[in-house]
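S.K.: Residue numbers 15 to 194, in the working numbering, belong to the letters of the sequence shown in order.
Because the hints were derived from the structure by calculation, they are not lab data.
Hints are not guaranteed to be accurate.
[Unchecked claim] Quick list of in silico lysine-lysine cross-link-like pairs, BS3-like style, CA-CA up to 30 Å:
#, residue 1, residue 2
1, 129, 184
2, 146, 61
3, 32, 153
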Amino acid sequence: MTTNTTTIYKNKLKRTIKTGMHALQLDDATYRDMLANVSQRVSGSAKRSIKNMTLAELNGVIDEMRSKGFEARRGKYSGKKDNSVRNKDEQRIERPMLGKVQALWITMHQQGFVKDGSDNALNAFARKLFNKQRKQDDKPLIINLRGADDRELWQLIETLKSWQQREEDKLRLQKLKNDK
Numbered sequence: 015m016t017t018n019t020t021t022i023y024k025n026k027l028k029r030t031i032k033t034g035m036h037a038l039q040l041d042d043a044t045y046r047d048m049l050a051n052v053s054q055r056v057s058g059s060a061k062r063s064i065k066n067m068t069l070a071e072l073n074g075v076i077d078e079m080r081s082k083g084f085e086a087r088r089g090k091y092s093g094k095k096d097n098s099v100r101n102k103d104e105q106r107i108e109r110p111m112l113g114k115v116q117a118l119w120i121t122m123h124q125q126g127f128v129k130d131g132s133d134n135a136l137n138a139f140a141r142k143l144f145n146k147q148r149k150q151d152d153k154p155l156i157i158n159l160r161g162a163d164d165r166e167l168w169q170l171i172e173t174l175k176s177w178q179q180r181e182e183d184k185l186r187l188q189k190l191k192n193d194k
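Whole structure, please, built from the sequences with the hints as guidance.
M.R.: Structure follows, in structure tokens:
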């Protein structure tokens with residue numbers, strides 16, 4: 015590849031990485047830690063920015079994001095509109111437990127049991143719940159819920175249901191005390 019072609023290709027990879035960062039809902043610290051880990055593994059130098067990364071490092075970052083659940087797709091004007099819609103629907107059908115987790119989280123937020131009902135807060139809760147065990151088992155860490163397996167999603171649903179039940183019981187008990 016010539017320098018100009020290499021630059022164009024690098025810029026395309028950088029745009030894909032930025033898209034992946036937003037799709038995976040990574041905060042800045044987590045994103046930069048991931049960049050440093052990947053560049054350390056690929057080239058031996060821990061780069062915390064994509065600006066000076068090599069092609070191998072950029073491709074390594076994209077591979078890491080894919081392992082966390084990111085799916086790089088073509089742009090919305092590429093003539094592949096049917097495929098992107100179909101992919102979104104298939105993902106919803108394949109992972110119905112994700113919708114259940116989000117519905118529980120939003121319901122708990124509306125009931126006042128969860129302060130922040132956003133997806134970022136839900137992902138942070140899931141990271142706290144699962145990453146300690148995943149680290150001990152030498153599994154890749156979860157960045158967001160798309161990286162969780164079905165067993166973990168089931169465990170998260172049960173955890174949220176138990177939490178919701180405890181909070182509802184507290185409200186009932188408090189209401190009974192106030193009625194006396």
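S.K.: Any hints from earlier that this structure breaks? Give me their numbers in increasing order, please.
M.R.: Every hint satisfied by this model.
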